[in-house]
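Chains as they are written, first to last, in full-length UniProt numbering: chain A, 1 to 95; chain B, 1 to 430.
If you're looking for bench data, these hints aren't it; they were derived computationally from the structure.
No experiment lies behind these values; they were computed from the predicted model shown.
Glycine residues also receive a C-beta, built at the ideal position from the N, C-alpha and C atoms.
Check each hint, because a few of them may be wrong.
Claimed, not checked - To spell it out: a stretch of chain B is covered by chain A in this simulated footprint if at least three of its residues, at any positions, have a beta carbon under 8 angstroms from a beta carbon of chain A; those stretches are:
id: 1; stretch: 106–116
id: 2; stretch: 128–134
id: 3; stretch: 155–165
id: 4; stretch: 181–187
id: 5; stretch: 274–281
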Amino acid sequence: MTEKVNVDVKLGVNKFHVDEGHPHIILKDNPNMSEYRKLVNACPAGLYKLEDDGTIRFDSAGCLECGTCKFLCGDTILEKWEYPRGTFGIEYRYG
Amino acid sequence: MEEEAFDAIIVGAGLAGCVAAYVLAKEGADVLVIERGNYAGSKNMTGGRLYAHSLEKIIPGFAKEAPVERKVTKEKVTFLTDDTGVTLDYHNGRSQTSTQESYTVLRGDFDQWLMAKAEEVGAQFITGIRVDELITKDGKVVGVNADGDELMANSVILAEGVNPVLGEKLGMVKPKVNADAMAVGAKELIELPKEVIQDRFNLSDDEGAAWLFAGSPSNGLMGGGFIYTNQTTVSLGIVCGLHDIGSSDKTVPQMLEDFKNHSIIKPLLEGGKLLEYSGHVVPEAGLNMVPKLVDDGVLITGDAAGFCLNIGYTVRGMDLAIASGEAAAKAVLTARENKDFSAQGLSSYQTLLEDSFVMKDLKLYKNLPAFMETPRIFNEYPKMVADIMESMFTVDGSESQPLRKTLMKHCKEVGYMNLIKDGIKGVTAI
Chain A
1 MTEKVNVDVK
11 LGVNKFHVDE
21 GHPHIILKDN
31 PNMSEYRKLV
41 NACPAGLYKL
51 EDDGTIRFDS
61 AGCLECGTCK
71 FLCGDTILEK
81 WEYPRGTFGI
91 EYRYG
Chain B
1 MEEEAFDAII
11 VGAGLAGCVA
21 AYVLAKEGAD
31 VLVIERGNYA
41 GSKNMTGGRL
51 YAHSLEKIIP
61 GFAKEAPVER
71 KVTKEKVTFL
81 TDDTGVTLDY
91 HNGRSQTSTQ
101 ESYTVLRGDF
111 DQWLMAKAEE
121 VGAQFITGIR
131 VDELITKDGK
141 VVGVNADGDE
151 LMANSVILAE
161 GVNPVLGEKL
171 GMVKPKVNAD
181 AMAVGAKELI
191 ELPKEVIQDR
201 FNLSDDEGAA
211 WLFAGSPSNG
221 LMGGGFIYTN
231 QTTVSLGIVC
241 GLHDIGSSDK
251 TVPQMLEDFK
261 NHSIIKPLLE
271 GGKLLEYSGH
281 VVPEAGLNMV
291 PKLVDDGVLI
301 TGDAAGFCLN
311 IGYTVRGMDL
321 AIASGEAAAK
331 AVLTARENKD
341 FSAQGLSSYQ
351 TLLEDSFVMK
361 DLKLYKNLPA
371 FMETPRIFNE
381 YPKMVADIME
391 SMFTVDGSES
401 QPLRKTLMKH
411 CKEVGYMNLI
421 KDGIKGVTAI
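Isolated chain B, as found in the complex:
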């Protein structure tokens, strides 16, 4: 090893990258993060909600100093058709421990804060430089080529995001992941006065709402809509599976526009001002798309490794990214101690992940991505629930029917067998 080589070069200053840098630098490792954007977070977006637990273990009490938006105390899930909505509303007024809490966040501010935390403990950052390729020697990654400069390192942590260009070049990530594995998200950030947001969403100071929608937002395709309330903005977006997008009669931006104009949503955003429009790919195949995670001199973390969980009523990626960044850093520290940065020397990354919630949860929900492909979830069921509600709440003087008959009539439209089949499949996948 050359004297001047870094213990680790990290590609990408997102959550996985910044956390890995923080953990490494804190233990005295020589670490450099290279980010192609002008600042950490400048290329990043989220829905978004951060489940605190994984970062809380690394930086206890982080939410007190980090630029989080609101603590989520309200959960809503709505089945939406073009002109109806049936909502489950859960308000949590119970106290939670710091590892149970979750926060709405905006990544521009949040990632810069995390980068500053890593810098405080000695990590170095370069922004505005793109890593063009990895330097390999005898099949081992030994550094990076960034804008013409060669920088050497004992290990490289790829935290380059959902589109892992470098991981693909290396052959660790399959270059064209099946589009089934991917969804695309689009989001508008809409500014409203703080008091207006709190009034419209029934929130107290610093409390926030997380609201997911299934059905019409994704035009009947796998996916859905979301709203997250921030301090003075609302994040409104949709996510739509890519595998059937060719047959959709709506474009993704049109889906978002229609969702925004839905009669449930529109009054909530009245008078709001668009501050930013963003897009992102979501890795949705869970365990099925996790690539080779470690090789000689290199580890893959976060979205680049496909670490994402869509369970329907919760969507998680950032807490997995943070935990994988930490695991990668710990593996590099072990390798540094043993002076062995080979795949074998770094293999504790895999073990740490296996022993953590990251791989355990991915395994638990491994059948869920396939279940989510069931089109009935996004078409027939929202309609069925709306029809049942309409029957229950409409009084027009015509002869009333026993409730069970009403229920059965609407269930029959979907098909009892389908209901039973999807019920069993759904319950066993979760």
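So here's chain A without its partners, still in its complex pose:
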């Protein structure tokens, strides 16, 4: 209907304190692809990306900490899901 959304631009206005070197979400080495595709659709931050060549790309840095991926796919995809350490992660200035 409209142009393809660019979520990264939207995330760019947010305030994040990224905990460099300590990702709070870690994917499994070979995640189940049909489960992964659910997250391509569901993640509000669009962090679960699927490249044109079929490879997956994920970065937890723009995470909104909503838990959708954990609820939806749990350990079919995730090696680890925890909240970022104190002070780190998304900081809503408005909410």
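Start from chain A and add chain B according to the hints.
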């Protein structure tokens, strides 16, 4: 019990947590709130609209001093297809009592205010510290481990939000709630001059609009779109059920983008500036997902307990969170008086909730989540209403049909039986 143990440690400085702290501290209890964000509200977002009644009972007249945005006087509900919209518009110019009012809010400011209120009456807060695990002794929760520090308490109130990591570890909340029970929300906060918002939404000073949309915003899946007007911002968002998301041909961020560009919405936001993009999970299964609420030394409140009501034309969570925080605090006060923090000693939490609107309303609407799964609500019906309107309002010189025939034609497309079935199901679920 150790001398230095808190009466209660509360995990999470959202509404449930801050209210519990306020009620406990006001009665002289020794209470500590631990929040992983840098300030109360920094991890929280809402659509959002707060129904005042539950907080009004705890802090009468709160809206006069709290950073609320606008008092809701306009309610709109729209059936939306990709290129049409049929809207029901209700303006309430009648005076309301303080417990009937509702306000648009932004949680960053609001939660900080509530935390300050609790601090005023003696509650202690630590921010920027994550509670990593609960400390249990002989099956009873006796404290928390937060960033390497062990802090002991007679009771722990879990107000950790919709993703209750600690409640799961404890086994009180089922670790993988069926995705049917959950929806995901995404929201943009868009800045516009105050006068522009008031002009475009036909509002007077401090009056606000709450506007819900069913149909195309969630791409035909369970869910919808929303707009809430704030002082100088508009909250625009969508909520989409998770259970069928895999089959959607649109991503959630794309749904929001398309909704924002809908011909009804776009002119309302023209010239606006994006201030923040947020996301959240909404517990939507109502009574069906409420976990074990109380155990030895521990209580679960708010979103963590699944306290949320989606009735289609209203969505509630914050007023339930506030009431559950208050009930948890009262149960801890009773336990403190009787020096019994066992599940039995804290069981008045369950009773207080049962006797309050929280469990009564959850019970009343217990069949609604299943009804909301009916895909026709989000596909066929918005289209049917739009088609009827189009027939009624289009004059092109072709021979007119009696209105009943027009209506029947469009109803037939959905199916009379479906209409009757969904009508009965819908009416009995509400």
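Quick rundown of the hints versus the structure:
1. 106–116: The restraint on the stretch 106–116 of chain B holds, since 6 of its residues have a Cβ under 8 angstroms from chain A and three suffice.
2. 128–134: As far as the stretch 128–134 of chain B goes, the hint holds, because 3 residues have Cβ atoms under 8 angstroms from chain A.
3. 155–165: It holds, with 3 qualifying residues against the three required.
4. 181–187: holds (count 4)
5. 274–281: holds (count 8)
Checked against the numbered hints given earlier, the structure satisfies every one of them.
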